[in-house]
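Could you put together the complete structure from these sequences and hints?
Sequences listed follow chains A and B, in order. For the first sequence, position 94 (counting from the first letter as 1) is numbered 94 according to the UniProt record's numbering, and the numbering increases by one without interruption. For the second sequence, position 3 (counting from the first letter as 1) is numbered 3 according to the UniProt record's numbering, and the numbering increases by one without interruption.
Worth flagging that the hints you see were computed from the coordinates, not collected in a lab. Here the structure is a predicted model, which means the values were calculated and not measured. A portion of the hints provided could be inaccurate.
Since the list gives no way to pick out one identical chain from another, each pair is judged satisfied if it fits inside one copy or across any two copies.
[As the list claims (entries may be wrong)] Derived DSS-like pairs (lysine-lysine); straight-line CA-CA distance at most 25 Å:
hint: 1; residue 1: K39; residue 2: K184
hint: 2; residue 1: K51; residue 2: K270
hint: 3; residue 1: K93; residue 2: K184
hint: 4; residue 1: K108; residue 2: K51
hint: 5; residue 1: K43; residue 2: K111
hint: 6; residue 1: K15; residue 2: K51
hint: 7; residue 1: K43; residue 2: K108
hint: 8; residue 1: K51; residue 2: K228
hint: 9; residue 1: K15; residue 2: K270
hint: 10; residue 1: K111; residue 2: K38
hint: 11; residue 1: K270; residue 2: K108
hint: 12; residue 1: K147; residue 2: K51
Protein chains: 2
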Amino acid sequence: MKAKKRTTIYDIAEKLNITASSVSRALNNSSHVNEETKKLVLKTAAELNYKRNILASNLRKGESKTIGIVVPRINQNIFSNVIAGIEETTYSKDYNLIICQSNESHEKEVKSVNALINQHVDCIVISVAAEGSDYSHLQNVIDHGIKLIQFDRVADDLETLKVLNDNHQASLEGITHMIEQGYKRIALLEGPQNLDIFRQRKQGYLEALKLHNLPVINELIIENAWTKELGADATRKLLNLPEPPDAIFASTSDFSALGVLEVATSMGIKVPSDLGILGYSNEPFTELTSPSITTIDQFSHYMGKTIANLYFQESENKESPIVPRTISVKPKLIIRASTSRRSYQ
Amino acid sequence: MKAKKRTTIYDIAEKLNITASSVSRALNNSSHVNEETKKLVLKTAAELNYKRNILASNLRKGESKTIGIVVPRINQNIFSNVIAGIEETTYSKDYNLIICQSNESHEKEVKSVNALINQHVDCIVISVAAEGSDYSHLQNVIDHGIKLIQFDRVADDLETLKVLNDNHQASLEGITHMIEQGYKRIALLEGPQNLDIFRQRKQGYLEALKLHNLPVINELIIENAWTKELGADATRKLLNLPEPPDAIFASTSDFSALGVLEVATSMGIKVPSDLGILGYSNEPFTELTSPSITTIDQFSHYMGKTIANLYFQESENKESPIVPRTISVKPKLIIRASTSRRSYQ
DNA sequence: ATTTTTTGTGCAATCGATTGCATTTTTAAA
DNA sequence: TTTAAAAATGCAATCGATTGCACAAAAAAT
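Set out below in structure tokens:
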């Protein structure tokens, strides 16, 4: 069956012997149409199964009621939750979401962002890929008059709306907790340091050590260990040191922490008694492992709602320019078995 | 900073003293433009930071190069993988994806589908919500000349392109495996029977029992136990029966299987020796639980690629009408600890 | 009864890109 | 050198909805 031609406002107009203008006004519930015609139009529209052509409408109005989202991966806890949070709010306002994944590739991120600019989205919400440090594509978004909201992983020197976690604080609390549990040689698995969030987590780690007069041991700090595999590799290296750590903070993700746990288990090292493990993100699986993994919850769903609200707030006062500002959400330490050698065990 | 006006083909045309037609042709790499002008246009376009207005382009061409996807939840393994699979293929062809979640609500599904029709997407890919059995909104998609591809959970009486798992076969194999492991009283946690996939899984279960001359015991078949909580409730009920089952097939999902495992563990029932557990979907967490959960992998990423290819295949021969057909992907039983009382343990 | 205001419609331009047809320019063939 | 063919460009309509302006009809005010 061939695609039939769709009903347009002209079809409705013709049938009712009025102009398309009136039909348009009726459909938009304008006050400049007679109640009678309005009813008639709506009825006929329903009869003819009319669907407004958003392309035409948006072209004319210069808006798209669409928000583009670019995240590294949609199936990571924080991102799918943020998306769900955004959706809840935007859905009720008849906005569409276009979701893109960068797969941590800078090139794909750039292409996605450009595609969204092409689409004339009203706003782009992004958490940048680990790869890359050139953010001219984001500047480009702003230059095109499209609102830009960054979250979690942000390009810090770009002045935009930002919704963040207080990574420093979370990290500080996590390490403090470990120290209180009696861990003394705490290793750090770092994420790519070009990303602010990972730098902050490192700062929190360093500060916690300092506050408790613990030395910073460079061989216990491992760069770029942010997947499960890299976390596992790093752990093998660490546990084979002459003086191995008694705890590992997988600051990059719970996936990395999972790698740590698996290696430790396979090496016969007891968690949490011989080795404490702290992850990051509160992925659902962290409460399923044995022992369950202590981690940090980012309130990602709430972040999503915050982002959406921020957008609508900004849209309302169209005249005033956007004041770049940062909203910081305080994450929460979720204490589980993998660090609880005093209380738990 | 106010949104500056964007560069259009007219701006380029004016600057080069040619017409917009030529600019358009140059940008579309038409053979009807001089190589020189083509180069010049491309250069100027880059200089002026030109971005084609897809709204205008699509309006004119009557296509949108956009595929809409509606799934119950994007953070469920099968769905996020299918989406990723679709994206890989469509991305290289410059297609956009609009992703909607129905959250298992029929009403939201209908609204999402209508929004996608409004958007003039070229194709809608859907896995229907558990709720609801009226599929006129899908008929509506077809009536609007939009391609419709259903996957996994489908409205069976609607004649469309379908990409499915062979649920019956998978279920049959899973139960056969359990029987071979010596389980004799195997309970079934059913999903909503208005969905074909759950009916098929039940059929597979029944057939396996029959093949091995095992009786069908009605009190071991529990309706609608398809979340973690419902799975847990069902398990409590089952294990408190005078003659409790020695195995449970959570045919609905691994989440349900997880509920089973947690209840069993808390009741001190040993898995797999006292109770076998089989899940469905191969969620990532199933290999992390202890014991790890035997489950069925649906090759969801591959399904996604299949869906995308199916679409492009159909788009190519525009003339011939769409022949409704079904592609069935054979799932794979992943044997883990939760059912391995012979070999493993 | 006349003027003013309100309300409802229509007209026509607009958003930006595309494309069939006509026209001009260039190139090749006779 | 003239003619035919090919290549490049321009013109103008089109996709469908929206909206400022003009105008007519109806209602309200004088």
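field: Hints the structure fails to honour
entry: Checked against the structure, the hints that fail are numbers 1, 2, 3, 8, 9 and 11, while the rest are satisfied.
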